[in-house]
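Engineer: Given only the sequences and the hints, what does the whole structure look like? Please build it.
Residue numbers (our numbering), protein chains in the order written: chain B, 1 to 204; chain D, 1 to 204; chain C, 1 to 204; chain Z, 1 to 204.
Hints listed in this document are in silico derivations from the structure and should not be mistaken for laboratory results. Heads up, the beta-carbon is just placed ideally off N, CA and C, and yes, glycines get one too. Any given hint might turn out to be false.
To be verified - Calculated cross-link-like contacts (lysine to aspartate or glutamate; reagent style DMTMM-like; alpha-carbon spacing at most 20 angstroms):
#1 Lys56(B) <-> Asp190(Z)
#2 Lys159(C) <-> Asp190(Z)
#3 Lys56(Z) <-> Asp89(Z)
#4 Lys159(D) <-> Glu191(B)
#5 Lys159(C) <-> Glu194(Z)
#6 Lys159(C) <-> Glu39(Z)
#7 Lys56(Z) <-> Glu39(Z)
#8 Lys48(D) <-> Asp21(D)
#9 Lys159(Z) <-> Asp190(C)
#10 Lys130(Z) <-> Glu142(Z)
#11 Lys58(B) <-> Glu124(B)
#12 Lys130(B) <-> Asp179(D)
Claimed, not checked - Not the full set, but computed from the structure, chain Z residues with beta-carbon under 7 angstroms of chain C:
#13 Gly31
#14 Leu44
#15 Thr47
#16 Val113
#17 Glu142
#18 Phe178
#19 Thr189
#20 Gln199
Claimed, not checked - Pair ranges (Cβ atoms, derived):
#21 Gln59(B) <-> Asp71(Z): 41 to 51 angstroms
#22 Thr186(Z) <-> Thr9(C): 53 to 63 angstroms
#23 Asn72(B) <-> Ala14(Z): 45 to 55 angstroms
#24 Thr104(Z) <-> Asp21(C): 12 to 22 angstroms
Number of protein chains: 4
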Amino acid sequence: MPSKKEKPTFIEEARRKQIVDAALQTIAGQGYSQTSFAEIAKSLGITKGLIAYHFKGKQDLIASVLRTIIDNQAAYLRSKLVTYESATDKLRIYIIASLEYIETNRAHFVALVDLWGSFTSPEEKRAFNKTFYGPCISQLQEIIQLGQQTGEFGPFDPKILTHILQGALDGVMLQWVFDPNVYRLTDCTDELVETFLHQVLRKS
Amino acid sequence: MPSKKEKPTFIEEARRKQIVDAALQTIAGQGYSQTSFAEIAKSLGITKGLIAYHFKGKQDLIASVLRTIIDNQAAYLRSKLVTYESATDKLRIYIIASLEYIETNRAHFVALVDLWGSFTSPEEKRAFNKTFYGPCISQLQEIIQLGQQTGEFGPFDPKILTHILQGALDGVMLQWVFDPNVYRLTDCTDELVETFLHQVLRKS
Amino acid sequence: MPSKKEKPTFIEEARRKQIVDAALQTIAGQGYSQTSFAEIAKSLGITKGLIAYHFKGKQDLIASVLRTIIDNQAAYLRSKLVTYESATDKLRIYIIASLEYIETNRAHFVALVDLWGSFTSPEEKRAFNKTFYGPCISQLQEIIQLGQQTGEFGPFDPKILTHILQGALDGVMLQWVFDPNVYRLTDCTDELVETFLHQVLRKS
Amino acid sequence: MPSKKEKPTFIEEARRKQIVDAALQTIAGQGYSQTSFAEIAKSLGITKGLIAYHFKGKQDLIASVLRTIIDNQAAYLRSKLVTYESATDKLRIYIIASLEYIETNRAHFVALVDLWGSFTSPEEKRAFNKTFYGPCISQLQEIIQLGQQTGEFGPFDPKILTHILQGALDGVMLQWVFDPNVYRLTDCTDELVETFLHQVLRKS
DNA sequence: AATGAATGAGCATTCATTCAT
DNA sequence: CATGAATGAATGCTCATTCAT
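Structural biologist: Structure (structure tokens):
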């Protein structure tokens, strides 16, 4: 393990990223239970000792993988959302961008679901949930509350609807991730936008 | 392993069920990665040799666990659906019963998600998906198509809506399974019924 | 690991003893730092998995080794001491038997010194010391105090003399254990008996 | 590793000493088995590569540590002994100084005992013994033989008594090193001086 | 002189699986 | 039917050592 507090060197940073990416691909490709240091190392043509050199342990490595997945997705969503003003537009683009992202980063989602199995205790699972869901949920809830403040959206429980919409997105992505041939993701996008926009815009 | 073709004895059947149940609870409680034969055996007060005797291997055991989860849920849904005639009623009860079932059988869903990690190759994962989602999806799709035939429901792509509704259900259950304190499942039920009934009943 | 509370089977007990003995010999022969499960297993023609099956871990195994060494020696000394009545005789036989025991069980002492290195923290080392030295010291101190009560021995600080005599015994054994050719152990016995009996018998 | 034959530079010499000292403290503090290059390097704020650069290998380093311990003690004893003329005085001061040295350099003795475990083969252990015990024993034996030549001491086997006295010293130090609270080292000093001076001075 | 990236062998430990009893 | 002894492959991890920079 390199020195603790000093800023990491260029080569160090590059290796870490390389290993994290390989880990992510291995998890997505072979499942978490088959993702050993040896397997990751083999896929990179390095030794497993090198992975242990760059990461404090397996937990550290998968935490980094998780971080990467979450941060990437969050950054993508944020970059899309900033260009729109109205809550209606933001909500539409949130749905579209969420599915778009998964379509081009399927491995991320596969790995994410698999990683769930790496947390053994209920406490760890809850923490994992918070880390992963937290940012999405709050981003979405802000949009919905914005819509209610501006009067664009009707009166409904914002928290419940947030979770249902996010749930619908995740559920749809999940099925597609399980089997990409089950439907075209874009067809779902349209239907989801229609269903939920219609629902939030109802005034009575 | 008992003889291949003979019908299983009573005790044989009981043991298998006992072991499958213990496996399910262990997976839900400690996670799949912590679920060894030894762990299951300990929770039953038997030896791991006995588990190996009754099942061809670990894959065989978890396949049985999976079967149990799926069959139980399917049976529950079916028993609820038969008492209703109209597609609208059937759809409402499908949503309600799905969430009801998970609320009283949370361990099943926890185990199900965890078990996803036990499939290593993409092919296995796809097969798992077919086995698990298949029955739910076709049951739901039948209801929706029924509604369109009777004229209760409006004109929309039945397949896509089926997947979106099922996805919304799964997504909502998933979040609740991750953290039971995130919302009351019944609150979601109402909102889901309202959202989707409104959507399918639209005529234009 | 076999069942926790039930009495161990015959074969279980035999294996454990066999493994403990092999561990002791390996430690004495190659040093603790070279004593791996693999090494012990190789010397027995079994697999290292079997050692892990019979012992909870390495700590458990070396604790058993330690126990064996200490108990054996203590039992030997006790069996010798009971046949004598007077403190003078007991003291003489304590010295003689201590060296006798080491002469026929050199490996025990070699292993004992080596095992010291297996305890990393000062607390562990102190505990080790208590476990090992405690029984010897108290046995010896009882003899000396007996001698002072019966009037056989003169007036001196019994605790200090106990430690000095035990120290002399250990030091002499240590040198001989390091290099058996340095002197004949029996020559030391005579001189030690003479030196210390003379010392304790002094009345003024 | 620096060039073989050239005399070492000032900085080279300083580094080696610094590393040897750190190694000694680490061994005494955490035990030999926990003393890795990384651990020593960390305690000095340098990299383990640097240690490998200054020493041929781990064996080389611990040999240097050993040398330091032995030479320091020998130098201390010699400096004390030269100021006395008679064998009786020399013997008394040998005992006193030996215990004095350990009292102020406890870490040296702790490390010494721990280092015993770093020698794997019986041959290495014997060599270690010779290196360590040799100087002490010959110094002590010279004193005793001097006393017999001058007629101060009585007629006894000088070799055996040398070893017994040295053994007593080591044994007493060992117990105190194991647990400094077991007795005050100075109390032992007095008793040891009394016991052994009385013994060597006996004329019959 | 010194660093830090990289190696490769070795470690204790876990576990599904086999099989004689 | 059931046990428990035994295996062997795999896992995460440690560490002395090497070497280009």
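Engineer: Please write out, lowest number first, the hints stated earlier that are contradicted by the structure.
Structural biologist: 1, 3, 6, 14, 15, 17, 19, 24
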